[in-house]
Amino acid sequence: MPLWTIYHPPGAFSDVDKAELAEKITDVYGAVMPRFYVGVVFQPLEPRNFYVGGKPADRFVRIVMEHIARSFPSLEASRRFIDRINAVLAPYIADRGYDWELHVDETPFDYWSINGHYPPRPDTDDEKRWRAENRPSARTHA
Amino acid sequence: MPLWTIYHPPGAFSDVDKAELAEKITDVYGAVMPRFYVGVVFQPLEPRNFYVGGKPADRFVRIVMEHIARSFPSLEASRRFIDRINAVLAPYIADRGYDWELHVDETPFDYWSINGHYPPRPDTDDEKRWRAENRPSARTHA
Amino acid sequence: MPLWTIYHPPGAFSDVDKAELAEKITDVYGAVMPRFYVGVVFQPLEPRNFYVGGKPADRFVRIVMEHIARSFPSLEASRRFIDRINAVLAPYIADRGYDWELHVDETPFDYWSINGHYPPRPDTDDEKRWRAENRPSARTHA
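Chains as they are written, first to last, in my numbering: chain A, 1 to 142; chain B, 1 to 142; chain C, 1 to 142.
Simulated from the structure, these hints should not be mistaken for lab results. Keep in mind that this is a model prediction, so the values were computed, not measured. Be aware that a few hints might be false.
Since copy identity is lost for identical chains, a pair holds within one copy or between any two.
[Claimed, not checked] Subject to a maximum C-alpha distance of 27 Å in a straight line, what follows is the list of computed DSS-like cross-link-like pairs (lysine-lysine):
#1 K24 with K55
#2 K128 with K24
#3 K128 with K55
Excised from the complex, chain A in its bound form:
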């Protein structure tokens, strides 16, 4: 469900950084949903292909987060979540002197499929099994 796209200057993150970041982002979501829901795409961009404010961006990280499995129940919940994400990102971005921007879009739960299955609703027995087994399987409840 969450699909992250991280646009970044080619030299911003090492392969180790990327693996760590993906793991830590997955930990945040994994506290409430199956870990295999979390996709993270890194898109290195040369400054000639990436502009912020009309200027080539060689110190900027832009993150797009598509949420499907969960909707924020309130503004406060979204603030807590985004603050936590900013804290996870800090050692890799802010602390290295990069600027960054992120936004979340929410897309329809019903128009989503994994390995041909339609994912179970949050906190159902089926989702609990998907989470425990960390893989999709046929639903046993409607």
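Chains B and C: place on chain A using the hints.
Below, chains B and C alone, put in the same frame as chain A:
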């Protein structure tokens, strides 16, 4: 309208596979709308730039489908459509042992333009002409 | 806020073209919001990775515009804006014989963060300061 982005391991699809997949995806939509509405982008991703569940993804295909020209009229219609898409994808993905995930987002019809034209509403005379000619042209109806 | 992704054939735009386009796009948004809100990503795509209507696309430019900071207040406002964008693009796309398609999606204002800040509402004193200084800073109003 539909814009598909297919994130995949670099070796997952040959050029022939990609051309076939694009053709078959276009056939599905082309049954009800102009074929030239259908855009398909393949994005090969090295495992160090693509993580699922916090692990490098070398056997995973992630598909994002942006729908503009049509909204699903019902849950049942969306199920039929997504099941059909999963069947079209199977020989290229499931049958080769890849895991895959897809989701659809719907974006506003009115904020869409092709070659400077605003596309006609579904099933109007203008859309029928666009479809028959497989190209955009000035609208003759409001 | 606006994040543009411009999918284009590798040879469609020179580096000078890209810098000019990013500047002109930023000028349009900069008339009403901070210039640093504007992100533009160029994604060159080989024809074997980019299909329109089921055919490899070597003369097609596809633009995705994600809007966060402002929502269109009316259909008329969206038409004026998109017409203006099409006019800005024309010398680089239509006048060179390329086909093109664009669409706008609007995503939630509240789920957006820049350098750890939550951007101020349109036309507030805080936004005016962000615009005048062309950088984010701590909000002084709720």
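Q. Which of the numbered hints are not met once you compare them with the structure shown?
A. none
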